[in-house]
Each structure stands twice: as structure tokens, then as C-alpha cells.
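**Student:** Okay, here's what each chain looks like letter by letter:
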Amino acid sequence: MGEILEGLKAAFLLLVTLDSDLVEITLRSLQVTLSALVISSLIALPFGAWLAIRRFRHRRLAIAVLNALMGIPPVVVGLFVYLLLSRSGPFGVLGLLYTPSAMIIAQVIIITPLIASIAHQSLRELWAEYHDLLISLNTTRHQRIKTLVWDGRRALLTASLAGFGRAIGEVGAIMIVGGNIDHATRVLTTAIALETSKGDFSLALGLGFVLIGLAISVNVAIHWLTRTEREGRW
Amino acid sequence: MKHLVLSAVFSICSAVPILAEDLRLAVTTSFHNSGLADVLLPEIAKDTGLNVQLLVVGTGQAIHLGEAGDVDAILVHSQKAEEAFVDGGFGRHRREIMYNDFVFIGPVEDPAGVGNAESAAESLSSIKANQALFVSRGDESGTHKKERALWQLAGFDLEQFGDWYRAVGAGMGATLNAAAGMGAYAMSDRASWLNFGNKEGLALLFSGDPLLFNQYAYLPVNPERHSHVNAEGAQKLEEWLVSEEAEALIDGYQINGEQLFTFNATR
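First to last, the sequence lines map onto chains A and B.
Under full-length UniProt numbering, the first sequence has 187 at position 187, and the numbering climbs by one with no breaks.
Under full-length UniProt numbering, the second sequence has 160 at position 160, and the numbering climbs by one with no breaks.
To be clear, the hints were calculated from the coordinates, so they are not data collected in a lab.
Treat the hints with care, since some could be wrong.
Stated by the list, open to error - Taking beta-carbon pairs under 10 Å as the criterion, some of the chain B residues facing chain A (in silico):
{"hint": "1", "residue": "R24"}
{"hint": "2", "residue": "H32"}
{"hint": "3", "residue": "A37"}
{"hint": "4", "residue": "M172"}
{"hint": "5", "residue": "G173"}
{"hint": "6", "residue": "A174"}
{"hint": "7", "residue": "T175"}
{"hint": "8", "residue": "F196"}
Every value quoted in this text rests on a predicted model; they were computed, and no experiment measured them.
Here a beta-carbon is modelled for each residue, glycine too, at the ideal position from N, C-alpha and C.
Hey, can you work out the whole structure from these sequences and the hints?
**Tutor:** Here it is as C-alpha cells:
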């Protein structure tokens, strides 16, 4: 119990003094995760919509695989990306290993199936409603995807936020491909792992509270900006 | 509003790192947990202009990173593995920098009586005889290799150990955390132990056997093998590490009045 209070105290002290290291790793956490989120959403949301309206032979198998990939273990993704980006690997010449770019790549791989799967689930129901209308208007497939994505934007926001939640708290993959280098690739989660390994539980817990606070603020900010959950604006 | 958010996102995405001569150095967890890096790195940056990026891993992984060419140099402590690294053509040479020593940590009550042992081998024998819990690094690090070598020297076969021998597969700090949680014995380097924050219920029980000597060496990665490595920077760092200034900083580094490392590089 004492350590939890110490952790709260540490978090408070870090915040009120605007500790420069804390600001740096928090901004890097945001930079990596938001970049990964933007890229993933650009891939996954249209893909989810496409999967909802398109009928093809192995559709059920594709959906089953996509759903299974939601639970892909981050540490395996990390290892995989490490082997690809290592100097001895196929993309070694790019020199991306141990940079924020490598961490973004790993997170995109982790969260894209999650966002696509949730997007597909919610758009499938919307498609059932819109099906007759859109077919009778003789819309192109491109127009149908656009309509679904726009009208289903609330549900898609939830899909993206789920992706954000998974990415911001992820440590296994970015530890391997980022290396937790001070002033280069250290983010909140890897810093927490490091402080725990040093036995400095109060600082680790303090960083943990900052991370939770960050996740809540980002979610609230996005909801506020997109004006969801307001009267008359469903 | 939307444009504002978008532009904010893009400005975050396109943030460019500060340009300085970067050098990637893989170091062992035991070196990093000692806190010496925090003393040395700012001085290195000031004197040589090198921005040393530390990758904190076990010796096994550090050597693997050097072989793959993912780092410019390594600073580790496992002589046999280091010599194999140089013989394999992965490293240019091996340069001894400094040493510290290993110690046996265990519960304050010391049920196995390790505190009364005369030698490292005797401490290990009494832990085994009492079937007292022992936490091993189990991660192919320098400390893990040393620990296995000590068990062998004491005449035991690790394969036949029972449940009391627990390999956690983690770094030094995490292993000490596990030992604290289980009330178990563990072997640690002195620096990590002194710098460790969660000592509750644990105590340093045995040290001083010459067998527990722990030599750190610096090995630059061979540029003939990996042309992209920063060989010039690695050379600069090596010159700094064996300088008189480094000697004063390493020998002068203390925690609670105890000297942690002893400089022993030959110039």
C-alpha cells in the first residue's frame, strides 16, 4: 500500500515540476502511437468497409484470420520486425532499427488487424441497413465504401481508439525494435519496465499513472473534438 | 478544428531527431544498473562530441547485436564469449577497461548459512545442501555464464537441480526483484546490488573470493564485416575510455561510500 501512495506522489511531483525527461518520453510515446494510429486507420478502416460489402470466395476464412490476428502477440511482432530491420536482415540497409520509425512499423502491424476487425463488425450491420438503398441508387463500390465509412464514423472512432489503447500500453514489441535508448527511443512503457528492473517501484508506478492519465486525456480530447455523445447529434 | 488536429498530428509525426554524431553501444544490464553510465555519458559527449546511445541487454544479446552489425561497439563481461566474438571476425579487438566483483545475495535470516562460508564454492554447496531457493538469471548473460561456471567448479551438475533452482530469464534488477519476492538466494554484481532500490529482506551475504572477479571489456565491431558501423566514433570512444579522465571517473564512482569499479586498462 505504501508503494502505491509513493507512486502517486512520484507521479504528482513529475507532473508539477514538468520533469524534462518525462515531457520528452511522453511526447515520444504520443508521436509513435499517434503516427501508428493514423497509418493503421488509413489502411484498416477502408479495408474493414471493403470486407463488409464485398463478397468473395474465401471471405469467411479472411474474416476468421483477421479476427485471430487481433490477438497477435506483440513480442512476436517485435521479433519479426527486428529480424527484418536488422543490419543482417532484408531491410537492414535502411538503417531503421532502434529508431522511432521501427517502433511505428511494429505498432502498425499490431493494431491494424484490431482496427480492421472492429470496423468490419460494426460496418457489417450498417451495410445490412444501407444495402438496398445503395444498390438501388446504382452506386459504385468506391461510393459505397465512402458512404459507410462516413455514416459509420462514430463506430469507426471506437475502433481507432481501441487501436490507440493497445498501442500506447504496448511494451514487448517496441522494447525489441526500439531498444529503449535514452533520448532516442525511450517511451513511457519501456521506461516503466526499466525502472521496475532497477527496483525503483515508486518512479515506475508514477510513470504508470502518467500513462493512464495520458490515455484518458487523448480519448476525452478526441471525443470532445468530434462532438460525439451529445444531445441531438447521434 | 479538424485542421488544427491534423496539423498537430503531422507536426508530431515529422519531428526530426537532433543531429549529432551517434554511436550505438550495447552494454550489459549490470553495467547500466550500476549508474556509472549516467556519470560517464555526459563527460563523453562533452569531450568527444559523441552521443552514445546505450542498448541495455544481456551479454548474450549484446554479442548477437554486434555480430548482426546493429551496434557500433559492445561493452560486456564474459571473456570466453568475447574471445569467440573476436576470433569470428566480428570484433576488431578486445580491450579490458575495468572490473568489479560478484556477490551472493540472500534472505537476511540466511537459512543456508552462506554468510559463514569460506569460499564461493562452499556458499553454493550449502545452498544446494539446504535446497534453499536460488534465482538464476537464466538469460545467457555474462552473470549467468559466470554463475553456471561457479556451480560447475563447485562440482555440481545444473541439469540435476530440482525446483529450488529457478531460472527467471531476466535482467539483473528483475532477478533481484524475484529473489526479494521469493526470499531466495541470487548472485549479483556488486554495482547492481548497491544501486538496487528494493532491498527489502535481502542482504549481501558473501563476497571476496578471487573467483568472483568480473572483468569488463570493450569490443568495437569490425568495419570490414559491417561497412556501415561508425568505426571512427568507436575508436574515439575507446581512446576516451582508457584515458586518465575515465580512470578518475571510474575509480571515483561510489555508492554509499563504496567504490564500485576499478579501472585496469593498459594504455
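**Student:** Provide an ascending list of the numbers of those earlier hints which the structure does not satisfy.
**Tutor:** Every hint satisfied by this model.
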